[in-house]
Amino acid sequence: MSQRSTAATVALYAAAALVVAVSVYPFLYALATSFKTGTALFDARLWPAEVTLRNYRQLFEGGGQPFGRHLLNSIVVATLTVVVSMLLAISASYALGRIPFRGKGALLLAILAVSMFPQVAVLSGLFELMQALGLYDRAPGLVLPYLIFTLPFTVWVLTTFMRGLPVELEEAAIMDGCGPVRIVFQVFMPLLVPALVSTGLLAFIGAWNEFLFALTFVSDTEQRTVPVSISLITGATAWEVPWGSIMAASVIVTVPLVALVLLFQQRIVSGLTAGAVKG
Amino acid sequence: MQRTRTAWLFLAPMLVAMLLVAGWPLARTLWFSVTDTNLNDLAAGRFVGWQNYFGAYGLFGNAGYTEGFWAGDWGISIANTFKFAVVSVLLETAIGLGVALLLNQEFRGRALVRTAVLVPWAIPTIVSAKMWGWMLNDQYGVVNQWLVDWGVVAQKIAFTAEPAYALWTVVAVDVWKTIPFMALLILAALQTLPRDIYEAARVDGVHPLRVFWRITLPLIRLPLMVAVVFRLLDALRVFDLIFVLTSNSSATISMSGFVRREMIDNGDLGFGSAAALSLTAIIFITAVLFLRAARVRLAEDTR
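In the order they appear, the protein sequences are chains A and B.
Going by the UniProt record's numbering, the first sequence opens with residue 1, and the numbers climb by one from there.
Going by the UniProt record's numbering, the second sequence opens with residue 1, and the numbers climb by one from there.
Treat the hints as calculated values from the structure; they're not laboratory data.
All of these numbers come straight from a predicted model, not from anything done at the bench.
For glycine and all other residues, C-beta sits at the position ideal for the given N, C-alpha and C.
A couple of the hints might just be wrong.
Incomplete in silico selection of chain A near chain B, CB under 10 Å [said to hold, decoys possible]:
1) 46
2) 48
3) 51
4) 111
5) 145
6) 179
7) 254
8) 265
Between beta-carbon pairs, the in silico distance windows are [to be verified]:
9) B:23 - A:13: 52 to 60 Å
10) B:106 - A:46: 25 to 33 Å
11) B:8 - A:220: 36 to 44 Å
12) B:251 - A:28: 29 to 37 Å
13) A:172 - B:23: 34 to 42 Å
14) B:150 - A:61: 37 to 45 Å
15) B:138 - A:21: 20 to 28 Å
16) A:46 - B:222: 40 to 48 Å
17) A:49 - B:148: 19 to 27 Å
18) A:60 - B:2: 52 to 60 Å
19) A:28 - B:148: 50 to 58 Å
20) A:163 - B:208: 33 to 41 Å
Starting from the given sequences, assemble the full structure and let the hints guide the process.
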C-alpha cells in the first residue's frame with residue numbers, strides 16, 4: 001500500500017468525491033427545500049435565496065396533522081421496543097450463549113428463520129391479535145408486532161457476544177454464591193454495554209422507520225407514527241403537493257437518526273456485520 | 001439438569017413473545033388462507049378449501065385472466081418483485097463491492113468518505129422515497145431540470161408515474177439506499193484478508209485485476225454470498241418504497257403490496273392470506289435454490 005501512480009491517485013480521489021456527493025446530495029437538497037416556500041420551491045438551486053422557517057412552524061401549528069403528537073408516538077414506540085426487546089434478549093442470550101442444552105441449534109435456526117420471514121405472512125394473524133388484545137389503533141401497541149423483527153437479531157447478536165465472555169468470570173461469580181440472575185445483570189451486564197448500544201440502536205432505527213405495521217394497525221389520526229404521517233401529508237387541494245412541509249417533516253425525522261448513526265458509526269458497523277454475516 | 005432448567009427459565013420470556021407475535025399469527029394466517037374471511041368480521045369466515053389458491057378466482061387458477069397468468073395483477077406483482085429484486089441486488093452487489101474496495105484503500109479523508117456513505121442507510125425508507133419523489137418530480141424536480149439543461153432529454157420525464165420508468169426508478173432509489181449496507185459488509189470481509197498474500201502478489205508483479213479475480217474474490221466469496229442472500233430476501237418482500245414512491249400503481253405493485261391491497265383495502269382477508277403464504281413459499285424456494293447454486297451453507301456455527 002505504498003507508492004501509487006499519479007493517475008491512480010487522481011482516480012481514487014475522484015471516485016471518493018463522487019461517492020460522497022451521491023450519498024449526501026439528496027439529503028442536502030431535501031434540507032434546502034425545507035427552507036423554501038411558494039415559488040422559491042421550484043428554483044432548483046441548492047441554497048435558497050430566502051430562508052424561511054414557515055414549513056417547520058406549519059407542521060406544529062395544528063390545522064393539518066398533529067405532527068408533534070406523531071413525533072411523540074414514534075419516540076414512545078421506538079423506546080419501548082428497544083427496552084422490551086433488550087430485556088427479553090439479554091435473558092434469552094444468557095441461556096443460548098452460556099448453557100449447553102439439547103435443542104439449542106434448532107432453536108437458533110428457528111429464530112433465524114423468523115428474521116427472514118416476510119412480514120405480510122403474519123399480517124392477517126397479527127391484525128386479529130391486535131384487535132383481540134385491544135391494541136388496535138393504539139400507537140404503544142405497535143411494540144408487540146415490532147418484536148417480530150427486533151427480537152431475532154438482538155438475540156443473535158447478544159448470544160454471539162455472550163459466548164465470547166470469559167468463563168473464569170462466571171466461575172468466580174458462582175464461587176461467590178451468585179445465582180444466574182445476578183451473573184447476568186451484575187457481572188455480565190457492564191461487559192455487554194457495547195453490544196447493547198449497537199443492537200439497541202439498530203432496534204431503535206428499525207422501530208422508528210417501520211411502515212407496514214404502523215400503516216395497517218393504526219387508522220386513528222392521533223395515533224400515527226411519523227413514517228405514516230409523512231406518507232400522508234397532503235396539500236390544501238389535490239393538485240398541490242406541499243413539498244416544503246414534507247421535506248421539513250423528513251428532515252425532523254431524519255436528523256436525530258443521522259446524528260446517532262454518525263456518532264456511533266463504529267458500533268453500528270460492528271453490529272451490522274455481526275448480525276448479518278454471522279447470522 | 002439444574003443448568004438445563006435455568007436455561008429454559010431464561011429463555012421462556014423470549015419464547016412466549018416469539019410464539020405470540022410469530023407462531024400464533026402465522027398459524028392464524030394459515031387458517032385464514034383456506035377461508036373466505038372478510039376484514040369486517042373476522043369470526044364469520046367459512047372454510048372454503050383450496051378456493052383462494054386454485055378456485056375460479058384463485059391465485060393460480062383465475063379463469064378471468066384471458067390473457068394468461070402473467071397478465072393478472074398477481075402475476076404482474078410476482079414479475080415486478082423479481083425484476084426489482086434481481087436487478088437491484090445485482091447493482092447493489094457490484095457497486096457495493098466497488099465502494100468497499102475504495103474504502104479499503106488508504107487515503108486521506110477515508111474516514112470522512114466512510115461516514116458519508118452511511119448517510120443513505122440512516123435515512124428512513126419513507127423519507128428517501130419522498131425525497132427522491134421530489135427530486136424526480138416530473139415538473140419541478142431537480143433531476144429533470146439537469147437532464148433538460150444538459151440536453152440529455154428534450155422533454156421532462158414522469159419518472160414515478162410513467163409505467164416504462166417507474167419500476168426502474170424504484171430500483172435506482174433502492175440501490176442508492178442499500179449500497180452502504182453492502183459496502184460495509186464487504187468491507188468487513190476485505191479487512192480480514194491476510195496482507196502477506198498481497199505483498200507476495202505485488203512482489204511477483206501480478207496484475208491488480210488478476211489479484212482481484214484470483215485472490216480477493218474467492219476469499220470473500222462466502223461473506224459476499226451471505227450478504228447477497230440477506231439483500232435478496234429483503235428485496236423480495238419490498239413494500240414501503242414502492243408504495244410511497246409510485247402509490248402502489250398496478251404497474252409497479254410488489255407481492256407484499258398485492259397482499260396488503262387484497263387484505264386491507266379490499267377487505268378480502270382470506271384471499272390476502274393465501275397470497276401472503278404463496279409469497280412466503282416463493283421467497284423460501286428462491287432462497288434455497290440460490291444457496292444451493294452458490295454452494296453456501298447458512299448459519300454454520302449454530303452448534
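Discussion item. Run through the hints listed earlier and report the numbers of any the structure violates, in increasing order.
Written reply: Hint check: 2, 3 and 19 fail, others pass.
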